[in-house]
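Take the sequences, apply the hints, and build the full model.
Spelled out from the first residue to the last, the chains are:
2 protein chains.
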Amino acid sequence: MNASPILRTILWALALGPLAPLPAPHPSAPPIYGFSPAHAAAQRALEVQLDAALHPEDQRAWMERLAARPHPVGSPWGKENALWMAGLFRSWGYDTRIEEFRVLFPTPRKRRLEMVAPTAWTATLAEPPLAEDRTSGQTAEQLPVYHAFSADGDVTGEIVYVNFGVPADYAELARYGIDVRGKIVLARYGGAYRGIKPKLAAEHGAIGCLLFTDPHEDGYFQGDPYPAGGWRPETAAQRGSVSDPTLYSGDPLTPGVGATPDAKRLPREEARTIARIPVLPLSWGDALPLLRALGGPVAPVEWRGALPVPYHLGPGPARVHLELASDWNLVPAYDVIARLAGGERPEEWVLRGNHHDAWVNGASDPVSGMIAVLAEAKAVGELARSGWRPKRTILYAAWDGEEPGLLGSVEWAETHAAELREHLVAYLNSDGNARGFFYASGVPSLTTLAGEASRDVTDPETGASAAARLRASLLLYGSPREQKRAHDGQPLPLQRLGTGTDYTPFLSFLGVAALDISYGGEEEYGVYHSIYDSVDHFNRFVDPGFRYGVTLAQTSGRMVLRLADADVLPFDFVPYAETLGQAVQELQQRTAGMREEATETNRRRAERTYELADDPRHPLLPPPAQESVPALDFAPLEKAVARLTGSAQAYAAALNRAAAAGLALPAGAPAKLDRILLQAERALTRPEGLPGRPWYRHLIFGPVTSTGGMKTLPGIREAIEQRRWAEAADQISAAARAIEAFAREVDRGVGLLAPGR
Amino acid sequence: MNASPILRTILWALALGPLAPLPAPHPSAPPIYGFSPAHAAAQRALEVQLDAALHPEDQRAWMERLAARPHPVGSPWGKENALWMAGLFRSWGYDTRIEEFRVLFPTPRKRRLEMVAPTAWTATLAEPPLAEDRTSGQTAEQLPVYHAFSADGDVTGEIVYVNFGVPADYAELARYGIDVRGKIVLARYGGAYRGIKPKLAAEHGAIGCLLFTDPHEDGYFQGDPYPAGGWRPETAAQRGSVSDPTLYSGDPLTPGVGATPDAKRLPREEARTIARIPVLPLSWGDALPLLRALGGPVAPVEWRGALPVPYHLGPGPARVHLELASDWNLVPAYDVIARLAGGERPEEWVLRGNHHDAWVNGASDPVSGMIAVLAEAKAVGELARSGWRPKRTILYAAWDGEEPGLLGSVEWAETHAAELREHLVAYLNSDGNARGFFYASGVPSLTTLAGEASRDVTDPETGASAAARLRASLLLYGSPREQKRAHDGQPLPLQRLGTGTDYTPFLSFLGVAALDISYGGEEEYGVYHSIYDSVDHFNRFVDPGFRYGVTLAQTSGRMVLRLADADVLPFDFVPYAETLGQAVQELQQRTAGMREEATETNRRRAERTYELADDPRHPLLPPPAQESVPALDFAPLEKAVARLTGSAQAYAAALNRAAAAGLALPAGAPAKLDRILLQAERALTRPEGLPGRPWYRHLIFGPVTSTGGMKTLPGIREAIEQRRWAEAADQISAAARAIEAFAREVDRGVGLLAPGR
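Chains W and R supply the protein sequences, listed in that same order.
In terms of the numbering used here, the first sequence opens at residue 1 and continues consecutively.
In terms of the numbering used here, the second sequence opens at residue 1 and continues consecutively.
Hints are not guaranteed to be accurate.
Stated by the list, open to error - Derived DEER-like restraints, expressed as beta-carbon distance ranges:
id: 1; chain 1: R; residue 1: Pro480; chain 2: W; residue 2: Pro300; range: 19 to 29 Å
id: 2; chain 1: W; residue 1: Pro544; chain 2: R; residue 2: Ala171; range: 25 to 35 Å
id: 3; chain 1: W; residue 1: Glu596; chain 2: R; residue 2: Ala754; range: 37 to 47 Å
id: 4; chain 1: W; residue 1: Asn539; chain 2: R; residue 2: Arg292; range: 20 to 30 Å
FYI, nobody ran anything at the bench for these hints, they're computed from the structure.
Beta carbons: idealized from backbone N, C-alpha and C, even for Gly.
Written as structure tokens, this is what we have:
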């Protein structure tokens, strides 16, 4: 059959008729971006079929199975899960393979933390089983409370409380005359990615690092602890990787290349992402005796958490002995990759994934997201068996080893880098799911895709669309900018990307448009990375009845199907130009703010303002004198963004006109246009990457080294924040050139949509 | 001798020469407002003598004596203290008398609080003695933990946690579908004056009220609890009056008239300021079991304190039995009034005071302030004995019965209302003192007086002026407006007046310019109204060495002497006009904000925004529909303020010119001018007072009934907040007329300073 894609879909929808009658297209159904009106109607019919194939009971059963036993990377149950999921995909008609990598995954051999002064005390470092939680007693298979990629070590020193342990906190400590050289820092979780904290502590001379969960951020301050409520109990600690994700992601021994069995590996001591000092996570029950034993100044107000003691800074008199040793094993990681080949443009790949490994049982993280991917894949498989076939190829992935550093996704992306850069349209990630509001973060060109999908699914709690719920929430609780946009009825921007999940290699290393989605905000989720992240917890406090598991599958299913079937790939560049415009403005304001702050600080130092405002019984040192901030020329960037804005608007107008005319493009044009759109994001990368971090090739989104947070224009931002002015100017040029190149791609798209205009 | 005041002061200063040589006036010494340059130089010399007569050891000895035993109103030690202070004043040459009133002062006969469900538990209601605190064991003389003017009662009911118990909190509770009818509310201290909380609770139908001290506001969240540090320990509760101060102050039985022995008294049940339900204060140790036993929804984030439990709203299952009964005795109150008659204008009185009664030993509250008044009076007495005499009369007052409702000051002011309205220039209050930064709040016409005094005293910790320290502190930590003024070097405005201390009758009932001053901000003061407010606490955590006790005496001594000796009374009307201008702008913004909020709330209700943003498992009701806010004509007020601004500037210019010319005014003019200035503040009052509250006659400053907070333009503000639009318009007219009248007085002053201009 050689029907046009639109005709083909309509024929297929008609073929389904007896099974599920095709609803008449709503006369005023809103358009779908990238689809002609006729094709959009057929697509809606397809999506009705998709929804009909989604069953919460599937997800319940799969969660019971996947989260039945602890399943970190390298574990027997992790392998069982991979094999079992591969079987599922095959049974649904996917061409499925398991790809195996050999990755470094340290597990603890020795863990000891004891206070040696002013009193003797030994930390429990244990999460006790609960009668109310069926799987919490699987102690033989649980990884204990620890941080993967901590250094081995045996250190003794006084404690200093460093708040979140971010750069501003060390600057504040300096005002108290406190440094951490030779000390063991005690930091609470929050404020930055966990892996940053031991890095910064070591840079400041600390010999050890303890990360505790303060109930202010994660515990009884939020609500009733588990098992009475869903919040973190006194004994629960947060496992996690403390490798530095800002240099590169994935296996520390194989940066930039796949960790295949025969890959060339760095010696461990040369792996720069592994923490340089011993690091250990603590529950608040294990942190409280340490905090209580601290002396020295009372911490600044913002540093005080919810534990019932005055928070002191130290150093000492609390002094601890910390001893940690790991087995540094290479373990197998099993990625499951399932393929449904496209009928018309099989060389264009749409990828959807979630990881399957967990720190322990991981009902919420990651299983709640994994089962939504499975549900979607099963439903799409049913569509395919009914005669429909996607225009483009759809891939589903279940990644292993995400928890210790995105091992499965990164090694796969590195192994297949060349073909993925060539073929991958977009990567759509999730990493768990809960109950509540639609959340989407990603590259701005996918804003319209995400917005329309959330517009077209029904929130199970309210009967409104997911988009309407999100808009209502932002109107009441959003940032001022979000409130204004919600109030004015403008399209809602995506959230900014975070760090530390599986879209990173696709966006940052490959330059592929990526998106991360989930539902949440109403769950009671205080069991992250603990033994209590269990099916029992999930069923009571996260998504009882799996209603949002179905909604996530409906939402991402629409996005995958639209990416796979669109007449024109649904990239929208107007939000990209807007985001970049805001980012440039922010950086200009930041620079101006730094300039004013330098002037004001130096003036206040000269006028003794700090001394006069100070309490001599609790003295603070004045902040150090600041070098003045030179003028920085943002003009190249402003010019590039202005050009992109024009190109994006021209593209949007051309696509609108073409869609209204039924998207009847000249022969060959659609494929050429797809090629341009698929590749456009690559223009925003450069092979040498960010300064000192060649793995991070994307110039618009990337982590800053000081917090690990994903930021816009990270190269420029970091150079400014570190006061490397020449580098800032270089990075402005590089980003401006990339944006100009991106705009040229968009212009080429305009040329294909509106030849001769 | 009939020398001019300036000459007289110079002669006196010369007379002191042999004892303490007169320092040469600093060639660039800044001017003193209200003084000619020559007189200013002499005044500075006088102030050097004042400083020389201030000795920290005096204050140490007096504190030991006054705080040696518990001394609330009606107690034996309170009477002893009054008699002893009267003796001191007499020994320093003052014409001294004790004025006695008979005031209602309930003390507890029965106090019982027990939880009857879900578990049985009885509150301790006790503050145990500490070995580290000498006077904490004087249990026989201590008033127990209680609230004066609580209703007697015996009630049993479920608990509802109401946060601070202010109107916004009840509005929030309504969104949870929770009301307090038939319930006992549990409120934390903070957010509003204590006496407001049972009033609002009763208005909402509660049958009892428990006020606890949350360590977030007052306890370990701030620092180490006493005796390790100075912050509130687990067992310390906050005694206090819960009479409603927004209707009238002073003895509840004698509103508007002095509580002389033969005064006509209301029956107790007609005294509207007495709480209508039983109220009891709790330490956090006594509150924690109740909070822990509460169920129901988790409280909003802002409602959560620092106790180590999730804060639930209830109602119940915690259910308590509260039984309270007082002895409702009339007790004697002893005000000590000491007079130093003025030599030239004895009919113009400058009043300086502090209270002497305490809830228990009261080293900080009130003794630390009282001893600074004594020190000042002793030093001024020495000046007088050396031959100097003030131009105007100086009065020192030690008030009794401030703690249970300003009983001593109010009854004295009411008793002497006619003569005080006639003679009183200003009232300068303090109510304790600590360590740190200069604090002054009061009527804006005294801004320059306070600013110059703080400019002219040296901060004992830094050697800078007190004003320079304050400016530095505001520059770093002030509100945006304060930061800007501090940054730009503009004069610093006074703080806004609070409620609940002895300036209230003078300002609010008499219409006398009033000011409240102290030093503080660096103390560790977590023992307010507890048995631990002791000499031992003070010496370790408040003002060790009494250095700021001396500084306070220097500061208020300068203010009193300048008020007493100035050529022209040092009122400055420019800050008054500025304050009023800001207040009018604020009210306009508030009204516009209410209008926008009404529109937006109604729109959100119509669009189901609240439902869509809500978590159906933890539902919130939408806020009620709001009536739209009509246009309110602020033009009369704007016009009046504009006129006052012009008058104030003309007055300032005329006084400047006159001062430069040596203040050589025509005969008779100075006395006439004084008369105008002394009386000007009365123009801002009206006999019928605020709506429904005739005791509160001042139209510019007064308490709002919903929080007890002192606000500008309270009549207008309250009408707007209560949406009584016709009343708001009336109040705008009344305030505008008062401000016009005030401006006319200022104009008359201009006429006397610059006749014929």
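Okay, the hints, checked on the actual structure:
no.	hint	result
1	R:Pro480 to W:Pro300: 19 to 29 Å	holds (20 Å)
2	W:Pro544 to R:Ala171: 25 to 35 Å	holds (31 Å)
3	W:Glu596 to R:Ala754: 37 to 47 Å	holds (44 Å)
4	W:Asn539 to R:Arg292: 20 to 30 Å	holds (27 Å)
Checked against the numbered hints listed earlier, the structure breaks none of them; every hint is satisfied.
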